[in-house]
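Q: Take a look at the letters that make up each chain.
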Amino acid sequence: MREAMEFDVVIVGAGPAGLSAACRLMQLAAEQNRPLEVCVVEKGSEVGAHILSGAVFESRALDELFPDWQERGAPLHTPVTTDEVYLLRNAEQAVKLPDALLPKSLHNAGNHIVSLGNLVRWLGEQAEALGVQVFPGFAAAELLYDESGRVRGVATGDMGVAADGSHKDGFMPGMELHARYTLFAEGCRGHLGKQLAERFELARNADPQHYGLGIKELWDIDPARHRPGLVIHGAGWPLDKDTGGGFFLYHAENHQVVVGLIVDLNYANPWLSPFDEFQRLKHHPVLKQYLEGGKRVSYGARAIAKGGFNALPEMAFPGGLLLGCDAGTLNVAKIKGSHTAMKSGLLAAETVFAALTEELADSAWAPRWKAAFEASWLHEELYRSRNFGPALHRLGPLAGGAFNFVEQNVFAGRLPITLHDRQTDHARLRPAAEFSPIAYRKPDGVLSFDKPASVFLSNTNHEENQPCHLVLKDGALPLRENLPRYAEPAQRYCPAGVYEVLGAEQGEPRLQINAQNCLHCKTCDIKDPSQNIVWVAPEGGGGPNYPNM
Amino acid sequence: MKILVTVKRVIDYNVKVRVKPDQSDVDLANVKMAMNPFCEIAVEAAVRLKEAGIATEIVAVSVGPSACQEQIRTALALGADRGIQIDTAEPPESLVVAKLLAAVVAAEQPELVILGKQSIDADNNQTGQMLAALLDWPQATFASALALQEGRLEVTREIDGGLQTLSLALPAIVTTDLRLNEPRYASLPNIMKAKKKLLEVRTPAELGVALKAHTRLLKVEAPAERQGGIKVGSVSELVEKLKSEAKVI
Ligand SMILES: Cc1cc2nc3c(=O)[nH]c(=O)nc-3n(C[C@H](O)[C@H](O)[C@H](O)COP(=O)(O)OP(=O)(O)OC[C@H]3O[C@@H](n4cnc5c(N)ncnc54)[C@H](O)[C@@H]3O)c2cc1C
Ligand SMILES: Cc1cc2nc3c(=O)[nH]c(=O)nc-3n(C[C@H](O)[C@H](O)[C@H](O)COP(=O)(O)OP(=O)(O)OC[C@H]3O[C@@H](n4cnc5c(N)ncnc54)[C@H](O)[C@@H]3O)c2cc1C
Ligand code: SF4
Numbered sequence: 000m001r002e003a004m005e006f007d008v009v010i011v012g013a014g015p016a017g018l019s020a021a022c023r024l025m026q027l028a029a030e031q032n033r034p035l036e037v038c039v040v041e042k043g044s045e046v047g048a049h050i051l052s053g054a055v056f057e058s059r060a061l062d063e064l065f066p067d068w069q070e071r072g073a074p075l076h077t078p079v080t081t082d083e084v085y086l087l088r089n090a091e092q093a094v095k096l097p098d099a100l101l102p103k104s105l106h107n108a109g110n111h112i113v114s115l116g117n118l119v120r121w122l123g124e125q126a127e128a129l130g131v132q133v134f135p136g137f138a139a140a141e142l143l144y145d146e147s148g149r150v151r152g153v154a155t156g157d158m159g160v161a162a163d164g165s166h167k168d169g170f171m172p173g174m175e176l177h178a179r180y181t182l183f184a185e186g187c188r189g190h191l192g193k194q195l196a197e198r199f200e201l202a203r204n205a206d207p208q209h210y211g212l213g214i215k216e217l218w219d220i221d222p223a224r225h226r227p228g229l230v231i232h233g234a235g236w237p238l239d240k241d242t243g244g245g246f247f248l249y250h251a252e253n254h255q256v257v258v259g260l261i262v263d264l265n266y267a268n269p270w271l272s273p274f275d276e277f278q279r280l281k282h283h284p285v286l287k288q289y290l291e292g293g294k295r296v297s298y299g300a301r302a303i304a305k306g307g308f309n310a311l312p313e314m315a316f317p318g319g320l321l322l323g324c325d326a327g328t329l330n331v332a333k334i335k336g337s338h339t340a341m342k343s344g345l346l347a348a349e350t351v352f353a354a355l356t357e358e359l360a361d362s363a364w365a366p367r368w369k370a371a372f373e374a375s376w377l378h379e380e381l382y383r384s385r386n387f388g389p390a391l392h393r394l395g396p397l398a399g400g401a402f403n404f405v406e407q408n409v410f411a412g413r414l415p416i417t418l419h420d421r422q423t424d425h426a427r428l429r430p431a432a433e434f435s436p437i438a439y440r441k442p443d444g445v446l447s448f449d450k451p452a453s454v455f456l457s458n459t460n461h462e463e464n465q466p467c468h469l470v471l472k473d474g475a476l477p478l479r480e481n482l483p484r485y486a487e488p489a490q491r492y493c494p495a496g497v498y499e500v501l502g503a504e505q506g507e508p509r510l511q512i513n514a515q516n517c518l519h520c521k522t523c524d525i526k527d528p529s530q531n532i533v534w535v536a537p538e539g540g541g542g543p544n545y546p547n548m
Numbered sequence: 000m001k002i003l004v005t006v007k008r009v010i011d012y013n014v015k016v017r018v019k020p021d022q023s024d025v026d027l028a029n030v031k032m033a034m035n036p037f038c039e040i041a042v043e044a045a046v047r048l049k050e051a052g053i054a055t056e057i058v059a060v061s062v063g064p065s066a067c068q069e070q071i072r073t074a075l076a077l078g079a080d081r082g083i084q085i086d087t088a089e090p091p092e093s094l095v096v097a098k099l100l101a102a103v104v105a106a107e108q109p110e111l112v113i114l115g116k117q118s119i120d121a122d123n124n125q126t127g128q129m130l131a132a133l134l135d136w137p138q139a140t141f142a143s144a145l146a147l148q149e150g151r152l153e154v155t156r157e158i159d160g161g162l163q164t165l166s167l168a169l170p171a172i173v174t175t176d177l178r179l180n181e182p183r184y185a186s187l188p189n190i191m192k193a194k195k196k197l198l199e200v201r202t203p204a205e206l207g208v209a210l211k212a213h214t215r216l217l218k219v220e221a222p223a224e225r226q227g228g229i230k231v232g233s234v235s236e237l238v239e240k241l242k243s244e245a246k247v248i
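Protein chains in written order, with numbering that gives the first Met the number 0: chain A, 0 to 548; chain B, 0 to 248.
None of these hints come from the bench; they were simulated from the model.
Possibly wrong hints are sitting among the right ones.
[Stated by the list, open to error] Computed cross-link-like contacts, BS3-like style, restricted to lysine-lysine with a CA-CA straight-line distance of at most 25 Å:
#1 B:K218 x A:K294
#2 A:K472 x A:K294
#3 B:K218 x B:K230
#4 A:K294 x A:K441
#5 A:K441 x A:K287
#6 A:K167 x B:K49
#7 B:K19 x A:K287
#8 A:K450 x B:K1
#9 B:K19 x A:K294
#10 B:K192 x B:K19
#11 A:K441 x B:K19
#12 B:K1 x B:K192
#13 A:K287 x A:K95
#14 A:K450 x B:K49
#15 B:K15 x A:K294
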């Protein structure tokens, strides 16, 4: 028997979107002197443990939420001083783009280099101080509906279930968290958000969502090479001309840099390994000049939702909203999603609070949400960058880049044309036989590393004796179809080495799933060509423990 | 019976410890912290004694900066009744902790103090023993089983050769080993209730204890990185390598 707790608003996910919504709700409640019960559940062991971002942060939404964030000690310490953009031509050469040729959206003056994880930790403290109940270590595992089919909350996962489904010593059943409104802010490819979108057909008028896999490392570097505030972006090598993506290297505080590669998940070649592409990228002189003599401190990976405006589903459904990257509010022209995620949270809080005080029915509240969203700078910003991703996908990096330059700089995104990209990422994967395997160089242990050594630095862990949280709809499919046709690409796209095909040499291949190593990046749920892998929430508290990411 | 349990805030055991570049200490900036696992076992032991009707009140104590109130709240969510934070800038060395705890014992008059056998950060394995000496109380360290028999405490200890069972007069000190119990999860309602339980903050000055340091941390070094292994083709090759390269036989 599960117990239930009642709240006005339940928020799933303590990221920028969820915590901004929570803080704003409590601010409004305090302003109007109205009691309000708000809780946030977070699957990470602490707030921030699962947050992985770049990040160059635009403070627009934060300014609105806490105009005095500076006095409150928000961890924005490193203003961007310089933007550099490179096109890597091969393993040795690069062209630096002159400033005048950069799309405006890539100018970062006024922004800060932050650890989004630390910013979110700070937001979590603000939320608690405002009276929000924040529950890290609890995953929302199940959607709850009332008799009319309206969402009435979520249930947290059971704790202490053994791999075979039996109850271990100390078994604790999940809790039902009932709410008048439930806000889903799980980030990219939320596993409950996905179910909601299906059930309420939220994406019926949208293009399919598109994704990238971001892999990131944090490095201590030689202080002599450190240039705090320097922001470097680039594209080209090592990705081939048919594979989209780009890298970043930001000089943060404390003699640290963050370096990462985002690989678009609509790639065709199943031999491609985003992890190995990233490892070899770091040997390029543009990056090596900073990393050499340094020491890698942390590693992690997370998918991003980059379909933008055209892929944005309806965010409202009976009983709640999808927020931030759970809906897909990232601005791909700027490669920024945290300020937009936050803004979606602020708008949600304002409309939900109004609905609670005025006791609106869903039929009256949903149009209000839509109107507020459409009148906001969030909508305006996403609308203007709507062609950026589709142009790159459809016209290729070169022509697409030129289109984006003209559209963003000359017309500021106001051209009355809209490009669409209607093929899903997983459907773009081609059979292995059409390509030759990619021979990646062995990591040198100085600039490049293997997967186990990398995963080790993510501090990821899951209670070992629990049901596998990577569910195969058809357990035989990987060996029956994925292996012969695609050489089981999960072995290569998973940045944590969770999927291993063993025993192939002996002619008895079997798939081993090392679920304990999972980084919660969600790539397998996105890229499996048969959509056979379903990521579900493991026991609360499991997953990475990212510091400063 | 009133029980005092100690809870220390330490780096989470999932986190790979990193030494600061200047080797002055371990880097704790924005790193996940948690209750020392052996302290969790101590809390669980106390809660089970309360559930069994033996203990009447459980007081959880932590020494350190205000951040360690988080670990006290966890203990309260797991079943402790109230908490005391002894406010110091950093968690002081074991002897100072033991003296502060002795002062709390004098004020609270518990019949049993349960501590972890060691904290996984400093691995000192001495706070419990020092406290027993300061109070002149009997102690049982490395407890793997605990029972109350006719007013005396029966404690089974894990020792190198097997198990040893001791009988102690109360009041007494017990330090917990890994196999004493498996701590429970804190439930959401209990986490909410824990926020309303009493948590007092005391200063060392109020307790009349001076924070005198007897040791100084000179340097912290990461262990040497392990060299990659090799595969040998035969036993004779192995013997040869052990002789000529490893020089161990
Ligand atoms: C490599 C990389 C670089 C990036 N660089 C930038 C940048 O430079 N600037 C920028 O602005 N943006 C950047 N982004 C994008 C930005 O990080 C995201 O847009 C932003 O984090 C989205 O916020 P969110 O609140 O929607 O979701 P998230 O930040 O993903 O937070 C979701 C939270 O919900 C939790 N959660 C999920 N499911 C559940 C569940 N079922 N139960 C309980 N908890 C759950 C998660 O653990 C997580 O803590 C980058 C992203 C990546 C991956
Ligand atoms: C705080 C704490 C204190 C403890 N104190 C004690 C104590 O005092 N006495 C005691 O007896 N025990 C203690 N333990 C428990 C003990 O450390 C572990 O239970 C024990 O090390 C587990 O051994 P294992 O081989 O089963 O571990 P596993 O978890 O199976 O493996 C450990 C090693 O194997 C590697 N490994 C795992 N999977 C793979 C794979 N697929 N391929 C290659 N390598 C792999 C891991 O990286 C790791 O190096 C303590 C544990 C904790 C958390
Ligand atoms: S198992 Fe899936 S979600 Fe986990 S790290 Fe691998 S690809 Fe990412």
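Q: Hint by hint, say whether it matches the structure.
A: How the hints compare with the structure:
With a C-alpha separation of about 19 Å, the suggested pair B:K218 and A:K294 falls inside the 25 Å cut-off, and the hint holds. Of the pairs offered as hints, the one joining A:K472 and A:K294 is violated, with about 41 Å between alpha carbons and a cut-off of 25 Å exceeded. With a C-alpha separation of about 36 Å, the suggested pair B:K218 and B:K230 falls outside the 25 Å cut-off, and the hint is violated. Pair hint A:K294 plus A:K441 holds up; C-alpha atoms about 19 Å apart against a cutoff of 25 Å.
For the suggested pair A:K441 and A:K287, the alpha carbons sit about 17 Å apart, so the restraint of at most 25 Å is met. A C-alpha spacing of about 22 Å is found between A:K167 and B:K49, which places the hinted pair at or below 25 Å, so the restraint holds. For the proposed pair B:K19 and A:K287, the alpha carbon gap of about 23 Å is at most 25 Å, so the pair holds. Of the supplied pair hints, the one linking A:K450 and B:K1 is violated, its CA atoms being roughly 51 Å apart against a limit of 25 Å.
Note on B:K19 and A:K294: the hinted pairing holds, with a Cα-Cα distance of about 11 Å set against a maximum of 25 Å. Of the supplied pair hints, the one linking B:K192 and B:K19 is violated, its CA atoms being roughly 38 Å apart against a limit of 25 Å. The straight-line distance between the Cα atoms of A:K441 and B:K19 is roughly 29 Å, outside the 25 Å bound, and the hint therefore fails. Straight-line distance between C-alpha atoms of B:K1 and B:K192 comes to about 21 Å, which keeps the hinted pair within the 25 Å bound.
The suggested pairing of A:K287 with A:K95 holds, with an alpha-carbon distance near 16 Å, which does not exceed 25 Å. Taking the CA atoms of A:K450 and B:K49, the gap is near 47 Å; set against the 25 Å cutoff, the hint is violated. Using a Cα cut-off of 25 Å, the hinted pair B:K15 and A:K294 holds, with the two alpha carbons roughly 14 Å apart.
Going down the numbered hints, you'll see the structure goes against 2, 3, 8, 10, 11 and 14, while the others check out.
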